[in-house]
Amino acid sequence: MLIIKQHEIPNLIFKEAIKKPIAIKCIQINEPFEVETLEGKMMGKKGDWLMVGVNDEMYPCDNSIFKKSYNLIK
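For the sequence shown, this note's numbering assigns the number 110 to the initial residue and increments by one for each residue that follows.
Think of the hints as simulated: they come from the structure by calculation, not from any bench.
It is possible that some hints are incorrect.
As the list claims (entries may be wrong) - With a straight-line Cα cutoff of 25 Å, these simulated PhoX-like cross-link-like pairs (lysine-lysine) come out:
#1 K183 <-> K150
#2 K155 <-> K134
#3 K128 <-> K155
#4 K124 <-> K134
#5 K183 <-> K155
#6 K177 <-> K124
#7 K154 <-> K183
#8 K134 <-> K114
#9 K155 <-> K124
#10 K128 <-> K183
#11 K177 <-> K129
#12 K134 <-> K150
#13 K154 <-> K124
Using the sequences plus the hints, can you model the full thing?
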């Protein structure tokens, strides 16, 4: 069995891939909030984003991560 540890990239021949540009729904919430996610309840801070994924799963996204990872299209 191959055991792969966090932060230890195995010596394998990796391929490269680019994540598909899939539009999701999102809204910036201007107050602290709690959302039930697939992993359990998560907290969002004032200014964080509530994201709705491709399978209608919901999760918070920190505003600084959102700015680095997403562009609004509408």
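Unsatisfied constraints (hint numbers, rising): 1, 3, 4, 8, 9, 13
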